[in-house]
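Just need the whole structure built from these sequences, with the hints factored in.
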Amino acid sequence: MIQLEHVTKTFKTKDGDVQAVKDVSIHVKEGMIYGIIGFSGAGKSTLVRCMNLLERPDEGKVIFDGQDLTQASPVELRKSRKKIGMIFQHFNLLPALTIYENIALSLRMEKTPKDEIDAKVMNLLELIDLVERKDSYPSQLSGGQKQRVSIARALVNDPKVLLCDEATSALDPQTTQTILKLIKRINKERGITVVMITHEMFVVKEICDRVAIMDAGRVVEEGDIVDIFSHPQEKMTKEFISTASNANKIDELIEQQHPITQLKENEQLVRLQYDQTNTSHPMISEISRKFNVDCSIIYGNIEILQESPIGTLICVLKGSDDDIRNSIACFKQDGIRVEVIKRGHID
Amino acid sequence: MDTLTNWIPNVIEYSNLFPQAIVDTLIMLFVTGVISLLIGLPLAIIVVVTKPEGICPNKTIFFILDKFINLFRAIPFVILIPMLSDPTRWIFHTTIGIKMAFVPLIVGTVPFVARQMESAMEEIPEGIVEASISMGMSPWQIVRHVYLKQNIPGMIRGMTIVLIAVIGQIAIVGTVGAGGLGDLAIRFGWQRRMNDITYVVLFLLLVIISIIQMVGDWLVKKTTH
Ligand SMILES: Nc1ncnc2c1ncn2[C@@H]1O[C@H](COP(=O)(O)OP(=O)(O)OP(=O)(O)O)[C@@H](O)[C@H]1O
Ligand SMILES: [Mg+2]
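Line by line, the protein sequences are chains A and B.
Residue numbers are given in the numbering used here: position 224 of the first sequence equals residue 224, and the series is strictly consecutive.
Residue numbers are given in the numbering used here: position 183 of the second sequence equals residue 183, and the series is strictly consecutive.
It is possible that part of the hints are untrue.
What the hints assert, rightly or not - In silico lysine-lysine, DSBU-like type, Cα no more than 30 Å apart, as pairs:
#, chain 1, residue 1, chain 2, residue 2
1, B, Lys-51, A, Lys-61
2, A, Lys-120, B, Lys-149
3, B, Lys-51, A, Lys-82
4, B, Lys-149, A, Lys-82
Claimed, not checked - To be clear about the criterion: a stretch of chain B counts as covered by chain A if any three or more of its residues have a C-beta under 8 Å from a C-beta of chain A, and this derived list gives those stretches:
#, stretch
5, 120–131
6, 143–157
To be verified - Facing chain B, a subset of chain A residues (Cβ under 10 Å, in silico):
#, residue
7, Val-75
8, Leu-77
9, Lys-82
10, Leu-105
11, Arg-108
12, Met-109
13, Val-131
14, Lys-134
15, Ser-136
16, Pro-138
17, Gln-140
18, Arg-153
19, Val-156
Hints were generated in silico from the structure; no laboratory data involved.
Ideal Cβ positions, reconstructed from N, Cα and C, are used throughout, including at glycine.
Spelled out as structure tokens, the structure:
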């Protein structure tokens, strides 16, 4: 649906050139929710703004629906932009127009018949659940309500893609959930492809099918969300994943020498990760029976990514070295990933 | 009545001059305001869109217009009057009376209006313009629906400031024969030492300014959502 090929964007500033996006190639396929995550200044906004040419790339192609937008005439470009909706962190609604007028504006400019506009706007107002506020002005709405209006406004031209630049960053956690649900619903029900820019991994975890991790203008890792979460390759990716769960908290606890991480001589602290393919038989009771290893669980978590579970257990295994080694081998045989975090040492 | 004749004897004596002076002042104010807005607003739009970070950047047009506006803003109004006496004669075939006032008043006010309108449009957050671009709006549509419509309170505030300043300039053109309240204050109040006329003129000007300010504030309130 949207394909970036070797896109590069450099800003010239007084303090020299800033390479905001460096040779990025990604392919956002039709119907998916594609996340782009990175720390502040990584170039996410610049990248997404290249997708509708709010920012014109210095190099590379931006292919939308088979057409290279960098080569399109101004008229063609405007036509394409109507098919690429965009929502922003700060909503950017027109302050002098009512909610209804904000949503209707784009259609009005195309001289769409009044009753057609009305039908469409009312339908969108119902979708965002703000029918009774249609004559309010943006300044009279809460942040979450404003974002819903801006989503409705972005949908009024029946776009194929919805670009969201930090759409939930200005909102509280609960409102964020409502907006994420709404975006997911739009994606499912209307088949609109979504590009989500965010710096929060839980947003990605919540709704994305695929994700690209950006650092200093480059995409350092990209893949299906389940793969990324279960087999992250890059350090940056791991950092983001750890922000979205407590499973890495254990490293902190170890560093602080927290009592639960104090091990006895014959104990080992391990992290087990499994997905639905290896939840079929009762591993823990099996190893304790077979190898005489005791297992006490310190932390357990299950993430549901695209309906498939990824489980994490952090536990202390207690037994002889050999028995523990055998148990670990047994886990691994079942496709469970095992990482020994810490061994009890002999004082 | 007796007390009034004691207090403001000259005002009573020349009271027949006041209505015409007030009307002349209001006509000059109105014509200058309307024409300056009609010329200044388009100039402001051109400046805003041709800025380097505008929606149709054009270095040449921006540079020339920007400098031109600055230049005319810098010329003191009293110098503008003799400076423009030739074009004034050429347009109106006269350099006295209310007509002679229009050319310097408008030339002096247009750049002021342009700057005020420009800063009102600049107050519209950049993100709103970007959202409009992302909706596929053309530059002309953005001018019409965003720049001209999304900060009307700011524009009214700007025009209020302009009109109040114009009152001052009308008083100045009065001194060189354009009529109006300023003319009364100079010819009678100053030259013939009729202080009471000066004070009544001052009072009338304050009333006009207060009305402009009140109407402006009311309109700002009406248009702020
Ligand atoms: N218009 C601009 N002019 C100059 N430099 C810019 C401009 N826009 C972005 N940059 C620079 O490009 C880099 C990437 O910025 P960008 O806004 O894309 O980051 P981001 O990942 O969206 O960050 P954030 O999470 O803070 O929004 C930054 O170093 C920024 O300073
Ligand atoms: Mg950003």
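Now the hints, each set against the structure:
The straight-line distance between the Cα atoms of Lys-51/B and Lys-61/A is roughly 27 Å, inside the 30 Å bound, and the hint therefore holds. Our distance criterion of 30 Å between C-alpha atoms is met by Lys-120/A and Lys-149/B, whose separation comes to about 24 Å. Note on Lys-51/B and Lys-82/A: the hinted pairing holds, with a Cα-Cα distance of about 25 Å set against a maximum of 30 Å. Using a Cα cut-off of 30 Å, the hinted pair Lys-149/B and Lys-82/A holds, with the two alpha carbons roughly 22 Å apart.
Interface restraint, the stretch 120–131 of chain B with chain A: holds (5 residues with C-beta to C-beta distance below 8 Å; minimum three). Restraint check on the stretch 143–157 of chain B versus chain A: 6 residues with Cβ-Cβ distances below 8 Å, three needed, restraint holds. The interface hint given for Val-75/A holds, since its Cβ lies 8 Å from the closest Cβ of chain B, which is under the 10 Å cut-off. Checking Leu-77/A against chain B: minimum C-beta separation of about 8 Å stays under 10 Å; hint holds.
Interface restraint check for Lys-82/A: the shortest CB-CB distance to chain B comes to about 4 Å, inside 10 Å, so the restraint holds. Proximity of Leu-105/A to chain B holds as hinted, the smallest CB-CB distance being about 7 Å (cut-off 10 Å). Because the closest C-beta pair between Arg-108/A and chain B is about 9 Å apart, less than 10 Å, the hint holds. Contact between Met-109/A and chain B, as hinted, is supported at the beta carbon level, the nearest pair being about 6 Å apart and thus within 10 Å.
The restraint placing Val-131/A at the interface with chain B is violated, with a minimum CB-CB distance near 19 Å, outside the 10 Å limit. Of the supplied interface hints, the one on Lys-134/A is violated, with its beta-carbon coming no nearer than about 14 Å to a beta-carbon of chain B, more than 10 Å. The criterion of a C-beta within 10 Å of any C-beta in chain B is met by Ser-136/A, whose closest approach is roughly 9 Å, and the hint holds. At a threshold of 10 Å, the smallest CB-CB gap from Pro-138/A to chain B is about 8 Å, leaving the interface hint in force.
With 10 Å as the threshold, the beta carbon of Gln-140/A comes within range of chain B, its nearest partner Cβ sitting at about 8 Å, so the hint holds. Given hint, Arg-153/A at the interface with chain B, holds; its Cβ is 7 Å from that chain's nearest Cβ, closer than 10 Å. Given hint, Val-156/A at the interface with chain B, holds; its Cβ is 9 Å from that chain's nearest Cβ, closer than 10 Å.
Hint compliance for this structure: hints 13, 14 are broken, all remaining hints hold.
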